[in-house]
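> Chain by chain, the residues run as shown.
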Amino acid sequence: MTVLRFTAVWCPSCLIMKSRWRVFFQLRPRYEQVDVDYDDDRDAVKQYGIGDVLPVLIVVDGTREVLRLVGEKTMKEMERLFAGIEQ
Amino acid sequence: MIYLDYSATTPVAPEALDVFVEAARRHFANPNSLHAPGVAAAQAVAKATEGILTTLGAENFEVIYTSGATEANNLAIKGFAMKNRKYGMHLITTPFEHASVTACFGYLQNLGFSVDLVETGPDGKVALDSLEHLMGEDTILVSVAAVNSEIGIVQPLAEIAAIVARHSHAVLHSDVTQAIGKMQLSFADIDLVSFAAHKFYGLKGIGVLLRRPEALLEPVIHGGKSTTSYRSGTPAVPLILSMEKALELAVSGLDAKIKRVDFLNQRLRHELSSIGDVVVNSPVDCVPHILNLSVLGHDADDMLRHFDEHGICVSKQSACSSGATRSETVFRLTGDERRARTSIRVSISHLTTAAEIDLFVACLKAGLS
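So the protein sequences, as listed, match chains A and B. Numbered continuously in numbering that gives the first Met the number 0, the first sequence closes out at residue 86. Numbered continuously in numbering that gives the first Met the number 0, the second sequence closes out at residue 368.
No lab work stands behind these hints, which were simulated from the structure alone. Any given hint might turn out to be false.
[Claimed, not checked] The calculated label-pair distances, taken between Cβ atoms and stated as ranges, are:
#1 B:Ala161 <-> A:Arg19: 27 to 37 Å
#2 A:Lys75 <-> B:Asp188: 31 to 41 Å
#3 B:Glu21 <-> A:Asp36: 41 to 51 Å
#4 B:Ala35 <-> A:Asp40: 49 to 59 Å
#5 B:Glu49 <-> A:Arg19: 33 to 43 Å
#6 B:Thr352 <-> A:Arg19: 47 to 57 Å
#7 A:Thr73 <-> B:Met81: 31 to 41 Å
#8 B:Ala157 <-> A:Gly70: 31 to 41 Å
#9 A:Met0 <-> B:Leu358: 52 to 62 Å
#10 A:Thr73 <-> B:Asp137: 22 to 32 Å
#11 A:Asp34 <-> B:Pro155: 54 to 64 Å
[What the hints assert, rightly or not] Heads up, simulated DSS-like pairs for lysine-lysine below, C-alpha to C-alpha not over 25 Å straight-line:
#12 A:Lys75 <-> A:Lys45
#13 B:Lys124 <-> B:Lys258
#14 B:Lys46 <-> B:Lys224
#15 B:Lys258 <-> A:Lys17
#16 A:Lys17 <-> B:Lys46
#17 B:Lys85 <-> A:Lys17
#18 B:Lys124 <-> A:Lys72
#19 A:Lys17 <-> A:Lys75
In this text, a Cβ means the ideal position worked out from N, Cα and C, and glycines have one as well.
Extracted from the complex, chain A is given alone in its bound form (with noise of 0.2 Å):
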């Protein structure tokens, strides 16, 4: 499965989230993360449908999303949500 990270360099939750990332994805090597820009990449955004609120992070399967967090979530939230994905 792919990771798609939307972040921009001006947000604080998206360094907030990045750092949180780094160290639950090192646990989960099987996904592959693609980090997309939000200020760059904007055909992506509008392909994603990026709201107003960073950092998004969404989860595809194939071609199919299979989950989307928006915004801060703790560990034990990531950890919960992708729980129920890896079933």
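Mind docking chain B on chain A? Use the hints.
Same frame as chain A, now just chain B:
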């Protein structure tokens, strides 16, 4: 027009504009030139620099002239981090910084630096125990704005500086752009300080980074040595001289100006308290110059248009919001999505009148009805 957007920018003081015009005529020569007009221009810059340092009580700093606070913040954060990464790659900031600070941290994070955002209390102030906890052997830089631009939160810089000073490789940078001319400032134990002239009735296009000698930087703009080796480019003599005058005026009679603005702030808060759909987001101990409020049930853009149609200039800020209306800052402080999507910033000055405040309130009420 009723201008209530002084935190976005201020009208230039006539005296500062006069200095600019006179200096543009008299000191057009390049201060880096060795001929007599160049030397005269260099001497004028040196005199203005001395005046700026004296006015700020910052005699132990070097003045680095920049194009504004954004460039000064970039030079302070990126310049210090890149120069000092051999000592560590851990950086700390707050969630209430201007985008020109946050974006530098985002840039450095993408380069491999480790970035932590310190926890803040319900009033938005830095939680000192959280900062103490985050500080480590590899921490090299902490950046905290003296005053938040959107809500007006005043940070306890002296206490923060004391914590940072206990760590040998760490320095403290503060963006004081929203603090100069709004509060009494002390730069004790702060190593890097940035600001721009246009926030205190100076002209746009000139800013400063104050640097203590031990805070070494890597230049962001490379070129020949100018007034400093840290920032190349021909010094903007008229802007520099004009900024010195603007600064002198901004701190002159400051206590009386603050008292006046505080009176206007209290008047505005009192009037707003009787309007049902309005909540004030700025805690009471913010600078009185900034009052952030939410008009519940009314999109911020719609309210701004309403005010604009009636000749009233206010603003909103939406840092870290990809849309046009949601304020990340207000959401972080209040935890209320409705308030975050309906917030507007009223920023006043000693030039604001009570009648203007009353007209703003009347216009707000009219917009609600």
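> Next, verify each hint and record whether it holds.
Verification of the hints:
1. Ala161 (chain B) and Arg19 (chain A) have their C-beta atoms about 29 Å apart, which keeps the hinted 27 to 37 Å range intact.
2. Distance hint check: the CB atoms of Lys75 (chain A) and Asp188 (chain B) are about 38 Å apart, consistent with the given range 31 to 41 Å.
3. At roughly 46 Å, the beta carbons of Glu21 (chain B) and Asp36 (chain A) sit within the given window of 41 to 51 Å.
4. Range check, Ala35 (chain B) to Asp40 (chain A): Cβ separation about 55 Å, and the 49 to 59 Å hint holds.
5. Under the hint 33 to 43 Å, the C-beta atoms of Glu49 (chain B) and Arg19 (chain A), about 48 Å apart, miss the expected range.
6. Between Thr352 (chain B) and Arg19 (chain A) the Cβ separation comes to about 49 Å, which falls inside the hinted range of 47 to 57 Å.
7. Distance hint check for Thr73 (chain A) and Met81 (chain B): the Cβ-Cβ separation is about 32 Å, which falls inside the suggested range of 31 to 41 Å.
8. For the pair Ala157 (chain B) and Gly70 (chain A), the beta carbons lie near 33 Å from each other, so the given range of 31 to 41 Å is met.
9. Our hint of 52 to 62 Å for Met0 (chain A) and Leu358 (chain B) holds, since their Cβ atoms are close to 58 Å apart.
10. Distance hint check: the CB atoms of Thr73 (chain A) and Asp137 (chain B) are about 25 Å apart, consistent with the given range 22 to 32 Å.
11. Between Asp34 (chain A) and Pro155 (chain B) the beta carbons are some 35 Å apart, a value that contradicts the proposed interval 54 to 64 Å.
12. A hinted pair counts as satisfied when its Cα atoms are at most 25 Å apart, and Lys75 (chain A) with Lys45 (chain A) does not qualify at roughly 29 Å.
13. Note on Lys124 (chain B) and Lys258 (chain B): the hinted pairing holds, with a Cα-Cα distance of about 23 Å set against a maximum of 25 Å.
14. For the hint pairing Lys46 (chain B) with Lys224 (chain B), the CA-to-CA distance comes to about 19 Å; that is within 25 Å, so the pair holds.
15. Taking the CA atoms of Lys258 (chain B) and Lys17 (chain A), the gap is near 43 Å; set against the 25 Å cutoff, the hint is violated.
16. Taking the CA atoms of Lys17 (chain A) and Lys46 (chain B), the gap is about 46 Å. The hint is violated against a cut of 25 Å.
17. At roughly 23 Å between alpha-carbon atoms, Lys85 (chain B) and Lys17 (chain A) fall within 25 Å of each other, so this suggested pair holds.
18. Straight-line distance between C-alpha atoms of Lys124 (chain B) and Lys72 (chain A) comes to about 22 Å, which keeps the hinted pair within the 25 Å bound.
19. At roughly 15 Å between alpha-carbon atoms, Lys17 (chain A) and Lys75 (chain A) fall within 25 Å of each other, so this suggested pair holds.
Consistency with the previously given hints fails for numbers 5, 11, 12, 15 and 16, ordered from lowest to highest.
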